[in-house]
Each structure stands twice: as C-alpha cells, then as structure tokens.
Amino acid sequence: MESVESVTAQLNASGLSQSAIDGFSRLWTAAHGKIDHSNKEAVVAGVKALIGEISEFMKTQSEADQAIYNVIIEKKKAEFRAANGLPPQ
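Going left to right, the sequence shown walks through residues 8 to 96 as the working numbering numbers them.
What the hints contain is simulated information worked out from the structure, not anything from laboratory work.
Don't take every hint at face value.
Restricting the straight-line Cα-Cα distance to at most 25 Å, the calculated cross-link-like pairs of lysine-lysine (BS3-like) are [claimed, not checked]:
1. 66 <-> 47
2. 84 <-> 66
3. 66 <-> 55
Computed from a predicted structure; not experimentally measured.
Model the full assembly from the supplied sequences, consistent with the hints where possible.
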C-alpha cells in the first residue's frame with residue numbers, strides 16, 4: 008500500500024481540488040493505520056474497504072473532481088492488471 012505522501016503527490020499532479028485531496032488523504036491515513044500489512048488477506052480487505060469509503064466520499068465532491076477521480080481509478084486498474092499479468096479490460 009502506497010504512503011499517504013506518494014498518493015497525495017499523485018493527486019496533486021492529477022488536478023484534483025485541495026478539498027478532495029484533503030478528504031482522500033484523511034481516509035487513506037486512517038485506513039493505512041488500521042491494516043495489518045503483514046497479512047495479505049487483511050491488506051486486500053482493507054484496500055477494498057478503503058476504495059468503498061473513497062468512492063462514497065468522492066460522490067460528495069464536485070463533478071470535475073469526480074471526473075478526475077474516475078480517470079485516476081481507471082489508470083490504477085490498468086496498472087494493477089498489467090503488474091499482475093491480467094489482460095486489459
């Protein structure tokens with residue numbers, strides 16, 4: 008799981024508003040502290056829960072931020088698939 012600093016830098020570069028970045032970072036930091044990083048299943052479950060929380064949070068943000076977030080998510084999905092030898096969707 009990436010550090011909050013790395014994620015924040017990526018979000019800043021994406022053009023996401025500061026309020027969206029702040030909320031995203033709060034959720035990421037809280038989740039990062041709760042996950043047992045030595046347990047693969049716990050990491051997977053934690054990341055899934057975090058994605059759900061962030062998705063719900065992003066619904067409260069501007070349409071512009073939601074559009075940027077959707078681009079980020081699609082890019083991350085493609086990166087994950089490529090890194091794990093899965094075919095593109």
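Here's how the hints hold up against the structure:
1. In summary, the hint linking residue 66 to residue 47 is not supported, as the alpha carbons are separated by about 29 Å, beyond the 25 Å threshold.
2. For the given pair, residue 84 sits about 19 Å from residue 66 by alpha-carbon distance, which is consistent with the 25 Å threshold.
3. Proximity of residue 66 to residue 55 is assessed by CA-CA distance (about 17 Å); at most 25 Å being required, the pair is judged to hold.
Of the hints listed earlier, the one the structure fails to meet is number 1.
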